[in-house]
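Undergrad: Each chain, written out:
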Amino acid sequence: MIGKIRRLVLDVLKPMEPNIIEMAKGLSLEEGVVAVNISIAEIDHKVENAKITIEGDNINYERVKAIINDMGGSIHSIDEVVAGKMIIDDAATLQD
Amino acid sequence: MTMEDEESDSNSNSYNHSVRQFVKRANEYNDIANIAVIARRSFGNNAFDGILTMIGVTIGSFTSGVKDPHVVITTGLSTSIAIMISGAWGAYLTESAERKKDLKELGQITLTNLDGSRIGRASRFAAIAVSIVDGLAPFIGAIVVLIPFFLSGFFQNIRFVYYTSMGTALVALFILGIWLGNVAKENLVVYGFKTLLAGVISILIGSMLNGN
Chain A
1 MIGKIRRLVL DVLKPMEPNI IEMAKGLSLE EGVVAVNISI AEIDHKVENA
51 KITIEGDNIN YERVKAIIND MGGSIHSIDE VVAGKMIIDD AATLQD
Chain B
97 MTMEDEESDS NSNSYNHSVR QFVKRANEYN DIANIAVIAR RSFGNNAFDG
147 ILTMIGVTIG SFTSGVKDPH VVITTGLSTS IAIMISGAWG AYLTESAERK
197 KDLKELGQIT LTNLDGSRIG RASRFAAIAV SIVDGLAPFI GAIVVLIPFF
247 LSGFFQNIRF VYYTSMGTAL VALFILGIWL GNVAKENLVV YGFKTLLAGV
297 ISILIGSMLN GN
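Chains A and B, in that order, give the protein sequences. This note's numbering applies: residue 1 is where the first sequence begins, and numbers increase by one. This note's numbering applies: residue 97 is where the second sequence begins, and numbers increase by one.
You may find that some hints are simply not true.
To be verified - Pairs of lysine-lysine, DSS-like flavour, derived with a Cα cap of 30 Å:
{"#": "1", "chain 1": "B", "residue 1": "Lys120", "chain 2": "B", "residue 2": "Lys200"}
{"#": "2", "chain 1": "A", "residue 1": "Lys85", "chain 2": "A", "residue 2": "Lys25"}
{"#": "3", "chain 1": "A", "residue 1": "Lys46", "chain 2": "B", "residue 2": "Lys196"}
{"#": "4", "chain 1": "A", "residue 1": "Lys65", "chain 2": "A", "residue 2": "Lys46"}
{"#": "5", "chain 1": "A", "residue 1": "Lys65", "chain 2": "A", "residue 2": "Lys25"}
{"#": "6", "chain 1": "B", "residue 1": "Lys200", "chain 2": "A", "residue 2": "Lys51"}
{"#": "7", "chain 1": "A", "residue 1": "Lys25", "chain 2": "A", "residue 2": "Lys46"}
{"#": "8", "chain 1": "B", "residue 1": "Lys281", "chain 2": "B", "residue 2": "Lys120"}
{"#": "9", "chain 1": "A", "residue 1": "Lys46", "chain 2": "B", "residue 2": "Lys197"}
{"#": "10", "chain 1": "A", "residue 1": "Lys25", "chain 2": "B", "residue 2": "Lys196"}
{"#": "11", "chain 1": "A", "residue 1": "Lys25", "chain 2": "A", "residue 2": "Lys4"}
{"#": "12", "chain 1": "A", "residue 1": "Lys51", "chain 2": "A", "residue 2": "Lys65"}
{"#": "13", "chain 1": "A", "residue 1": "Lys65", "chain 2": "B", "residue 2": "Lys120"}
{"#": "14", "chain 1": "B", "residue 1": "Lys200", "chain 2": "A", "residue 2": "Lys46"}
{"#": "15", "chain 1": "B", "residue 1": "Lys120", "chain 2": "A", "residue 2": "Lys51"}
{"#": "16", "chain 1": "A", "residue 1": "Lys65", "chain 2": "A", "residue 2": "Lys4"}
{"#": "17", "chain 1": "A", "residue 1": "Lys46", "chain 2": "B", "residue 2": "Lys120"}
{"#": "18", "chain 1": "B", "residue 1": "Lys200", "chain 2": "A", "residue 2": "Lys65"}
{"#": "19", "chain 1": "A", "residue 1": "Lys65", "chain 2": "B", "residue 2": "Lys196"}
{"#": "20", "chain 1": "B", "residue 1": "Lys197", "chain 2": "A", "residue 2": "Lys65"}
{"#": "21", "chain 1": "A", "residue 1": "Lys85", "chain 2": "A", "residue 2": "Lys65"}
{"#": "22", "chain 1": "B", "residue 1": "Lys120", "chain 2": "B", "residue 2": "Lys197"}
{"#": "23", "chain 1": "A", "residue 1": "Lys25", "chain 2": "B", "residue 2": "Lys120"}
{"#": "24", "chain 1": "A", "residue 1": "Lys25", "chain 2": "A", "residue 2": "Lys51"}
{"#": "25", "chain 1": "B", "residue 1": "Lys197", "chain 2": "A", "residue 2": "Lys51"}
{"#": "26", "chain 1": "A", "residue 1": "Lys85", "chain 2": "A", "residue 2": "Lys51"}
{"#": "27", "chain 1": "A", "residue 1": "Lys85", "chain 2": "A", "residue 2": "Lys4"}
{"#": "28", "chain 1": "A", "residue 1": "Lys25", "chain 2": "B", "residue 2": "Lys200"}
{"#": "29", "chain 1": "A", "residue 1": "Lys51", "chain 2": "A", "residue 2": "Lys4"}
{"#": "30", "chain 1": "B", "residue 1": "Lys196", "chain 2": "A", "residue 2": "Lys51"}
{"#": "31", "chain 1": "B", "residue 1": "Lys196", "chain 2": "B", "residue 2": "Lys120"}
{"#": "32", "chain 1": "A", "residue 1": "Lys25", "chain 2": "B", "residue 2": "Lys197"}
Claimed, not checked - Derived coverage of chain A by chain B (criterion: at least 3 residues anywhere in the stretch with Cβ under 8 Å from a Cβ of chain B; other residues may be distant):
{"#": "33", "segment": "12 to 18"}
{"#": "34", "segment": "58 to 71"}
What the hints assert, rightly or not - Far from chain B, by Cβ distances over 12 Å, these chain A residues were calculated:
{"#": "35", "residue": "Ile5"}
{"#": "36", "residue": "Gly32"}
{"#": "37", "residue": "Lys51"}
{"#": "38", "residue": "Glu80"}
{"#": "39", "residue": "Gly84"}
{"#": "40", "residue": "Met86"}
Because the hints were derived from the structure by calculation, they are not lab data. Beta carbons are placed, not taken as given, at the ideal position from N, Cα and C, and that holds for glycine.
Turn these sequences into a full structure, and let the hints steer you where they fit.
TA: In structure tokens form, the structure reads like this:
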């Protein structure tokens with residue numbers, strides 16, 4: 001059985017246009033995606049830094065990447081990923 | 097319903113679907129590449145060019161005593177086509193060069209090649225759309241001034257054709273001014289007279305010129 005990705009948190013650098021509404025709409029239409037949250041962390045000249053959180057029952061990372069690239073964005077890092085039968089948050093440790 | 101009817105219905109549905117898709121895509125590209133504003137600017141500027149160029153052609157023919165309307169039509173049409181090609185060609189080259197530069201700069205910031213992206217497609221679409229407007233606007237402006245020559249059979253005297261053509265050109269300039277005034281949300285009549293003045297000056301200077 002192939003593990004299913006249920007949550008992705010991405011750090012993306014994207015041009016101002018298409019805006020995050022278009023990007024959220026585009027990503028939310030993707031099969032296996034249930035919800036999308038995009039927030040802007042930083043705005044620079046012509047570009048903005050977006051934190052994209054995607055939740056679903058079977059997220060296809062390659063498809064997500066293709067949509068982001070098609071809209072001119074580039075994924076700087078994958079900041080969080082949750083896979084499996086359910087979504088869990090990172091466990092607190094003594095170091096936290 | 098016969099099979100032919102069903103087939104034509106499905107053809108018309110798929111045609112409507114394609115048109116809707118195209119409009120949706122065009123709107124999307126417009127949001128990205130800001131096409132409408134640039135096209136509107138080009139339209140105003142180039143339609144103005146077309147009308148004034150044709151004023152030049154007709155007033156030149158008038159002062160040099162051309163009596164045959166077909167000569168004016170042929171000269172006018174070839175001039176209109178030349179300014180259409182000039183407008184479209186020049187706009188395509190400059191617009192695509194500028195947009196390629198912007199795309200490369202943006203790609204350098206995001207560290208991606210944006211050629212195949214939606215932004216790249218919007219850029220190419222914008223260059224084509226703007227060049228079509230840049231070509232058609234002066235052509236339409238010029239043809240409007242030529243209309244009386246196409247209808248010269250209804251006039252007794254070629255002189256009246258020239259006068260009507262000049263009148264049409266001035267009315268077209270005034271309407272263009274009103275439209276620009278509407279874009280600027282300023283006094284429409286003042287804008288109308290501003291564009292009209294350019295036509296009057298061209299006619300006056302043109303009529304003072306004489307080959308002899």
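Undergrad: A separate judgement is required for each hint: does it hold in the structure or not?
TA: Hints, one by one, checked against the model:
A distance of roughly 26 Å separates the Cα atoms of B/Lys120 and B/Lys200; the hinted pair therefore holds under the 30 Å criterion. The hinted pair formed by A/Lys85 and A/Lys25 meets the criterion: a straight-line CA distance of about 26 Å does not exceed 30 Å. Proximity of A/Lys46 to B/Lys196 is assessed by CA-CA distance (about 15 Å); at most 30 Å being required, the pair is judged to hold. As the CA atoms of A/Lys65 and A/Lys46 are separated by approximately 21 Å, the hinted pair is consistent with the 30 Å bound.
Between the alpha carbons of A/Lys65 and A/Lys25 the distance comes to roughly 15 Å, so the proposed pair stays at or under 30 Å and holds. This hinted pair checks out: B/Lys200 and A/Lys51 have alpha carbons roughly 24 Å apart, not beyond 30 Å. Under the criterion of a C-alpha separation no larger than 30 Å, the hint pairing A/Lys25 with A/Lys46 is consistent with the structure, at around 21 Å. Pair hint B/Lys281 plus B/Lys120 holds up; C-alpha atoms about 28 Å apart against a cutoff of 30 Å.
A C-alpha spacing of about 14 Å is found between A/Lys46 and B/Lys197, which places the hinted pair at or below 30 Å, so the restraint holds. Proximity of A/Lys25 to B/Lys196 is assessed by CA-CA distance (about 27 Å); at most 30 Å being required, the pair is judged to hold. Our distance criterion of 30 Å between C-alpha atoms is met by A/Lys25 and A/Lys4, whose separation comes to about 22 Å. With a C-alpha separation of about 14 Å, the suggested pair A/Lys51 and A/Lys65 falls inside the 30 Å cut-off, and the hint holds.
Our distance criterion of 30 Å between C-alpha atoms is met by A/Lys65 and B/Lys120, whose separation comes to about 23 Å. Restraint check: the Cα-Cα separation between B/Lys200 and A/Lys46 comes to about 12 Å, which is no more than 30 Å; the hinted pair holds. Proposed proximity of B/Lys120 and A/Lys51 is supported: the alpha carbons are some 27 Å apart, at most 30 Å. Taking the CA atoms of A/Lys65 and A/Lys4, the gap is near 16 Å; set against the 30 Å cutoff, the hint holds.
With a C-alpha separation of about 24 Å, the suggested pairing of A/Lys46 with B/Lys120 holds against the 30 Å cut-off. About 21 Å separates the Cα atoms of B/Lys200 and A/Lys65, which keeps this hinted pair within 30 Å; it holds. Restraint check for A/Lys65 and B/Lys196: satisfied, since their Cα atoms lie roughly 24 Å apart, inside the 30 Å limit. With a C-alpha separation of about 25 Å, the suggested pairing of B/Lys197 with A/Lys65 holds against the 30 Å cut-off.
Annotation: proposed proximity of A/Lys85 to A/Lys65 holds, straight-line Cα distance about 23 Å (limit 30 Å). A threshold of 30 Å between alpha carbons decides the hint, and for B/Lys120 with B/Lys197 the separation of about 26 Å falls inside it, so the pair holds. At most 30 Å may separate the alpha-carbon atoms for a hinted pair to count; A/Lys25 and B/Lys120 meet this at roughly 14 Å. About 15 Å separates the Cα atoms of A/Lys25 and A/Lys51, which keeps this hinted pair within 30 Å; it holds.
Distance check on the hinted pair: B/Lys197 and A/Lys51 sit about 28 Å apart at the alpha-carbon level, within 30 Å; holds. A hinted pair counts as satisfied when its Cα atoms are at most 30 Å apart, and A/Lys85 with A/Lys51 qualifies at roughly 24 Å. For the hint pairing A/Lys85 with A/Lys4, the CA-to-CA distance comes to about 7 Å; that is within 30 Å, so the pair holds. Proposed proximity of A/Lys25 and B/Lys200 is supported: the alpha carbons are some 26 Å apart, at most 30 Å.
A hinted pair counts as satisfied when its Cα atoms are at most 30 Å apart, and A/Lys51 with A/Lys4 qualifies at roughly 21 Å. The straight-line distance between the Cα atoms of B/Lys196 and A/Lys51 is roughly 28 Å, inside the 30 Å bound, and the hint therefore holds. For the proposed pair B/Lys196 and B/Lys120, the alpha carbon gap of about 24 Å is at most 30 Å, so the pair holds. The suggested pairing of A/Lys25 with B/Lys197 holds, with an alpha-carbon distance near 29 Å, which does not exceed 30 Å.
Only when three residues or more bring their CB closer than 8 Å to a CB of chain B does the claim for the segment 12 to 18 of chain A stand; here the count is 5, and the claim holds. Closer than 8 Å: that is the beta-carbon criterion, and the segment 58 to 71 of chain A has 3 residues meeting it against chain B, so the requirement of 3 holds. The Cβ of A/Ile5 sits about 23 Å from the closest Cβ of chain B, beyond the 12 Å cut-off, so the non-interface label holds. The claim that A/Gly32 lies off the interface holds: its Cβ sits roughly 22 Å from the closest Cβ of chain B, which is beyond the 12 Å cut-off.
No beta-carbon of chain B is positioned within 12 Å of the beta-carbon of A/Lys51; the least distance is around 16 Å. The claim that A/Glu80 is not at the interface with chain B holds, since no C-beta of that chain comes within 12 Å of its own (minimum 22 Å). With a cut of 12 Å on Cβ distances, A/Gly84 stays outside the contact zone with chain B, its closest approach being about 31 Å. The claim that A/Met86 lies off the interface holds: its Cβ sits roughly 34 Å from the closest Cβ of chain B, which is beyond the 12 Å cut-off.
Going down the numbered hints, you'll see the structure goes against none, and every one checks out.
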